[in-house]
Amino acid sequence: MTIKHIDTYSKKWSVALVGTLSVMYLVFGLPIHIALAGFIYKYVKYYGFQQSDITLWVIVWVSLAFIGALIFSIISRQNRNIRAFTSYFRDTHFNEAQPSNIAKSWTGLTYLSLDTKNGTLLYINHPDTTILNFFVPKDVRVMGFGMNDWKSIEVEGKQLTIYTGIPELPSVSISTSKANELYEKINAMRNQNWTYENNVPGYVEHQAQRIAEKNGINLVLPPK
243 MTIKHIDTYS KKWSVALVGT LSVMYLVFGL PIHIALAGFI YKYVKYYGFQ QSDITLWVIV
303 WVSLAFIGAL IFSIISRQNR NIRAFTSYFR DTHFNEAQPS NIAKSWTGLT YLSLDTKNGT
363 LLYINHPDTT ILNFFVPKDV RVMGFGMNDW KSIEVEGKQL TIYTGIPELP SVSISTSKAN
423 ELYEKINAMR NQNWTYENNV PGYVEHQAQR IAEKNGINLV LPPK
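Be aware that the sequence shown starts at 243, since it is given in the numbering used here, and climbs by one per residue.
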């Protein structure tokens with residue numbers, strides 16, 4: 243486990259390029275890839291296997307299997323990383339959010355939970371740190387907020403943004419269909435009086451380091 247003090251607010255062009263290309267492939271390339279594999283399957287089924295087609299068949303099907311396995315591995319690892327933290331904070335009664343107050347991207351890229359009983363927010367995401375981290379996600383940011391530990395919050399469409407008040411990391415956000423619902427709940431809770439046994443951001447950071455070390459995860463923190 244490594245603690246990385248990285249400026250993830252300013253994007254690196256190489257990492258941003260790989261991220262953009264990956265998204266473009268998932269949106270446009272993968273459907274075409276699947277359609278081509280399906281076409282080859284039907285062609286072989288009706289016309290028989292031709293020796294001259296073996297190279298194309300191998301390239302299309304092997305590459306599709308590899309990409310499928312890679313996507314499955316990325317999603318599984320990201321969700322496993324999130325579970326490592328959420329299970330601990332749930333078991334310690336720090337953040338026991340109900341399912342209706344949990345937002346998570348389907349890939350496990352970003353997670354946000356609101357505990358309306360304890361007045362805590364738990365934010366987890368896999369930041370764009372390196373190209374390798376796209377394919378082997380080990381770098382994770384974990385942040386905790388009490389109701390007085392952030393400056394403001396806003397929602398635009400499905401994007402919920404929390405302004406942290408931290409110069410090195412001014413804001414964190416998540417895209418979710420629950421954005422408006424969570425926004426209203428958080429604002430309502432902000433008007434209540436909350437007391438905490440510990441400094442919430444500090445407590446979460448300290449425990450996150452222990453959890454990351456135990457699970458072989460790299461914890462990403464703002465630059466010093």
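If you're looking for bench data, these hints aren't it; they were derived computationally from the structure. No experiment lies behind these values; they were computed from the predicted model shown. It is possible that part of the hints are untrue.
[Stated by the list, open to error] Here are the computed lysine to any residue pairs in the SDA-like style, where the Cα-Cα straight-line distance is at most 25 angstroms:
hint: 1; residue 1: 393; residue 2: 463
hint: 2; residue 1: 284; residue 2: 308
hint: 3; residue 1: 466; residue 2: 415
hint: 4; residue 1: 420; residue 2: 405
hint: 5; residue 1: 287; residue 2: 310
hint: 6; residue 1: 393; residue 2: 439
[Said to hold, decoys possible] Derived CB-CB ranges, DEER-like:
hint: 7; residue 1: 310; residue 2: 335; range: 35 to 41 angstroms
hint: 8; residue 1: 335; residue 2: 263; range: 55 to 61 angstroms
hint: 9; residue 1: 300; residue 2: 329; range: 16 to 22 angstroms
All residues carry an ideal CB built from backbone N, CA and C; glycine is no exception.
Each hint, compared with the structure:
With a CA separation close to 19 angstroms, the supplied pair residue 393 and residue 463 stays within the 25 angstroms bound. With a C-alpha separation of about 21 angstroms, the suggested pairing of residue 284 with residue 308 holds against the 25 angstroms cut-off. A hinted pair counts as satisfied when its Cα atoms are at most 25 angstroms apart, and residue 466 with residue 415 qualifies at roughly 22 angstroms. For the hint pairing residue 420 with residue 405, the CA-to-CA distance comes to about 18 angstroms; that is within 25 angstroms, so the pair holds.
A C-alpha spacing of about 23 angstroms is found between residue 287 and residue 310, which places the hinted pair at or below 25 angstroms, so the restraint holds. Using a Cα cut-off of 25 angstroms, the hinted pair residue 393 and residue 439 holds, with the two alpha carbons roughly 21 angstroms apart. Checked against the hint of 35 to 41 angstroms, the pair residue 310 and residue 335 passes, with Cβ atoms roughly 39 angstroms apart. Take residue 335 and residue 263: their Cβ atoms lie about 43 angstroms apart, and the range 55 to 61 angstroms is violated.
At about 42 angstroms, the beta-carbon gap between residue 300 and residue 329 misses the expected band of 16 to 22 angstroms.
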